[in-house]
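From first to last, the protein sequence lines are chains E and P.
Count along the first sequence from 1, add 12, and you get the number used in our numbering.
Count along the second sequence from 1, add 4, and you get the number used in our numbering.
Calculated from the structure, these hints are not laboratory results.
All C-beta atoms, glycine included, are put in the ideal place defined by N, C-alpha and C.
Hints may be right or wrong, so weigh each one.
As the list claims (entries may be wrong) - From the derived model, a few chain E residues whose C-beta atoms are all more than 10 Å from chain P:
| no. | residue |
| --- | --- |
| 1 | Val-25 |
| 2 | Thr-39 |
| 3 | Gln-56 |
| 4 | Asn-70 |
| 5 | Ser-77 |
| 6 | Lys-82 |
| 7 | Asp-93 |
| 8 | Gln-111 |
| 9 | Ile-123 |
| 10 | Asn-124 |
To be verified - Chain P stretches covered by chain E per the calculated footprint, using a threshold of three residues with CB under 8 Å from any CB of chain E:
| no. | region |
| --- | --- |
| 11 | 34 to 45 |
| 12 | 87 to 96 |
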Amino acid sequence: AQTVTQSQPEMSVQEAETVTLSCTYDTSENNYYLFWYKQPPSRQMILVIRQEAYKQQNATENRFSVNFQKAAKSFSLKISDSQLGDTAMYFCALIQGAQKLVFGQGTRLTINP
Amino acid sequence: KAGVTQTPRYLIKTRGQQVTLSCSPISGHRSVSWYQQTPGQGLQFLFEYFSETQRNKGNFPGRFSGRQFSNSRSEMNVSTLELGDSALYLCASSSGGVTGEQYFGPGTRLTVT
Numbered sequence: 013a014q015t016v017t018q019s020q021p022e023m024s025v026q027e028a029e030t031v032t033l034s035c036t037y038d039t040s041e042n043n044y045y046l047f048w049y050k051q052p053p054s055r056q057m058i059l060v061i062r063q064e065a066y067k068q069q070n071a072t073e074n075r076f077s078v079n080f081q082k083a084a085k086s087f088s089l090k091i092s093d094s095q096l097g098d099t100a101m102y103f104c105a106l107i108q109g110a111q112k113l114v115f116g117q118g119t120r121l122t123i124n125p
Numbered sequence: 005k006a007g008v009t010q011t012p013r014y015l016i017k018t019r020g021q022q023v024t025l026s027c028s029p030i031s032g033h034r035s036v037s038w039y040q041q042t043p044g045q046g047l048q049f050l051f052e053y054f055s056e057t058q059r060n061k062g063n064f065p066g067r068f069s070g071r072q073f074s075n076s077r078s079e080m081n082v083s084t085l086e087l088g089d090s091a092l093y094l095c096a097s098s099s100g101g102v103t104g105e106q107y108f109g110p111g112t113r114l115t116v117t
């Protein structure tokens, strides 16, 4: 069975700082996809970034980037120049084959002014 | 393109009743997945429908069921409601292909009293 673990329940940083959220996962498959989703207080789940396991290059989306270490089964999210609007719950998720996302427990990120 | 819509947004039911939630996917998407989100259990996969067929099912009792119509709209039904069914129910839409990207609706907040 696949599992996703986020070891940081809460984090807090000042606006404009850089923050890194950690995620580890376990799967026996070689082909899979990893995601970071953001869930602000509105509860709308928003896709932040996606990484294909077969790609060595780390995905980036504007201020968001990942550090994907396949051998270590690690998938961290770096947010640069953090903004107040980044305040949210962040979920790491794994999918392989079937359309079934396996989520971590989430990290509550607060950006302070 | 319009996003994923879910109705109703909020619902209050009594133990023992049944409830039906609705989800309309992004136009052109043929896969609809359902997730339950609770503070204790986090985000858990319920089931996924693709072209009117259930392709995957999570580990939930038979009281939880769903269906998908020819226009890809999906409904999920919960019968004999229990207090523990109180949760945010999220619907996600995707093309159903191997890339795995799922786009979420705003959710239905179900409260069982």
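List, from low to high, the hint numbers that the structure doesn't satisfy.
-> 3 and 8
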